[in-house]
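Enquirer: Since the structure of chain A is provided, determine the placement of chain B on it from the hints.
2 protein chains.
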Amino acid sequence: MRTALVIGTGLIGTSIALALSSRGVRVHLEDSDDDSLRTAAALGAGTEEPVAAPVDLAVVAVPPASIAESVAAAQRRGVARGYVDVGSVKGGPGRELAARGGDLGSYLGTHPMAGRERSGPLAATPDLFEGRPWVIATTPAVDTELLNLTLELVALCRAVPVVMDADSHDRAVALVSHAPQLLSSLVAARLETAEESAVRLCGQGIRDVTRIAASDPAMWIDILAANPGPVADVLSEVAADLEETVRSLRALQAADEAKRADGAAGIEELLRRGAAGRQRVPGKHGAAPTAYETVAVPISDRPGELARIFADAGRAGVNIEDVRIEHATAQQSGLVQLMVEPSAAPALAAALREQGWSIRR
Amino acid sequence: MRTALVIGTGLIGTSIALALSSRGVRVHLEDSDDDSLRTAAALGAGTEEPVAAPVDLAVVAVPPASIAESVAAAQRRGVARGYVDVGSVKGGPGRELAARGGDLGSYLGTHPMAGRERSGPLAATPDLFEGRPWVIATTPAVDTELLNLTLELVALCRAVPVVMDADSHDRAVALVSHAPQLLSSLVAARLETAEESAVRLCGQGIRDVTRIAASDPAMWIDILAANPGPVADVLSEVAADLEETVRSLRALQAADEAKRADGAAGIEELLRRGAAGRQRVPGKHGAAPTAYETVAVPISDRPGELARIFADAGRAGVNIEDVRIEHATAQQSGLVQLMVEPSAAPALAAALREQGWSIRR
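For the record, the sequence lines run as chains A and B.
If you read the first sequence in this note's numbering, its first letter stands for residue 45, the second for the next number, and so on.
If you read the second sequence in this note's numbering, its first letter stands for residue 45, the second for the next number, and so on.
Be aware that a few hints might be false.
Chain copies aren't distinguished; within one or between two, either way the pair holds.
To be verified - Taking lysine to any residue pairs in the SDA-like style, the calculated list, with each CA pair at most 25 Å apart, reads:
1) 303 - 313
2) 303 - 267
3) 303 - 262
4) 303 - 135
5) 303 - 140
6) 303 - 316
7) 303 - 283
Derived from the structure by calculation, the hints contain no laboratory data.
One chain only, chain A, in its complex shape (with noise of 0.2 Å):
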């Protein structure tokens, strides 16, 4: 691929032109929004020049609603040899562009599976895309040269590419992603009106339950617009389970004790099968979770303990996989929990024993 056009100069837009620029693609930019196009051709992603001759691939990165108009629309022009739109919703957008008569033998719908807190150009980077999975949406019509320079494209950005086709990738998000969104605000509706000594209790398990229900509403209406019946099928699913638990619970306050044990299997099958599913969700590397050895250490909230603690474990040579961070909450003091390797567990609890933290296994 030489030669390339972004249409819509949004994070995603941005960041690709960013990564293709960088790695020797002659990259054109459009946007509607004359701001947002200026600083992303500030920013180096690419050329404010109208193309002159058809580019190797356009990718269309717009909102879910105007992909099949963008893409068609650019078909007309004759742009470009191929087509791509990176939505992240795939049958919607395929289905109304054949619909308005579009050429699906150069158009190819594919969706990155990577996104950030913030919008914008100014948000984006060329190493958004880098180790994510990118669905490529695969139909019998597409052409084969199309698919390689798509797949070129995923490799530029130097992310993982994922064949599905496009019903299969929209039910797939609506699992993974659409559906627990949804399932986060419903948790977190629930506090709007809470009493404040109740919203003092929360622990760590709410914080992490309800953090995505802070996403940007605006982004999720037009996501879920484009996605509303696989998104239903799930939460269908949920809210028979739900039924079933809310059952089970009346069941654990009946008086008669075949009724109370009935209650407590359901409720612990619902368990079982939670921790069942949790189990298969990718950890690091998109490998299976790995069970890490958590070290815990507790530590003042003066600048630089973070980075005498980090050095120190640094110093006996263990990577750290993850952490995380407990705060106390009404001490200026915290619990850092560092994991890695079990193997890897007592080398780092010694070393950090002997610079004279305190560790909490």
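Expert: Chain B in isolation, oriented as in the chain A frame:
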């Protein structure tokens, strides 16, 4: 408080005993399990010697279902001037104690909001409660001396006393802990039978939402069995919202534009309520969540890389408020997000850039 008896030497009981012992209280230990008792004593939590004269305070740290029986038995033996329990549910044990003819004047239900993924005396630590809320479920029957002894217990454990009546407590923990636990399991349960290609697309959002679904099922069945009513009430409210959400999503599938607008409005309202509720979750030090600025730094996966970045950050004199490490799914690299007070972010970014780090803002 000069003498205490801790009944039940699991994680919570042993941690309390360790805290009291380290602050000069003479602590007697009791447990029906000899191994657990001996382990706690060996850790320095207290003595296995039976109580000769009544101690100042007996702390009952047994599973929820055994609390009333254990308190009543201790009262019959007259081993202490006052009795508290530290179970995670408060209404039931008090009522059951009354039904058993226990003395409600010398008993106070309490609940330290602290725990760990691990259980048993070996996981205990005297600073488990530092800065954590410790609920005291006062009743009109409780005498002032016992209340003061309990406040002393909380102070010796360096926790923060929060006074609530028992039923408010049970509703509060149903809302902020028990119901979120089950909803995390409900989301995770959907992954048990999901296709591998879908599971591969899991990102940080679902990872956070399902983290606590990996918790110990046996412990949770005990807790939920002791608080089924309030948890069912919260989940019924969630179920009603969920039903409404599914209805909104189905409306988004409609051909009729007015119906789609209704659906979008429903989803928007849920996302708004979720964001408002999330906003109330206390952050560090129990304060309202501060909007930290994130300075993001891509790092390689070599040992010492984290040490180096924290050392460089420490030299900048900046206090790191929180850290998140995001791993690429298929590469030996990651992104370290350093969260700092917004005013400190530019200085930190500049200092790190000077040390050769690339910063993603």
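Enquirer: Each of the hints needs a verdict: does it hold here or not?
Expert: Going down the list of hints, with the structure as the test:
1. 303 - 313: within (15 Å within a copy, 38 Å between copies)
2. 303 - 267: For residue 303 and residue 267, only the inter-copy Cα distance (18 Å) is at most 25 Å; the intra-copy one is 43 Å.
3. 303 - 262: between (46 Å within a copy, 19 Å between copies)
4. 303 - 135: between (46 Å within a copy, 21 Å between copies)
5. 303 - 140: Answer is between; shortest inter-copy Cα gap is 20 Å, intra-copy 52 Å.
6. 303 - 316: within (20 Å within a copy, 39 Å between copies)
7. 303 - 283: Answer is both: 22 Å inside a copy and 22 Å across each meet the 25 Å cutoff.
Of the numbered hints stated above, none is contradicted by the structure.
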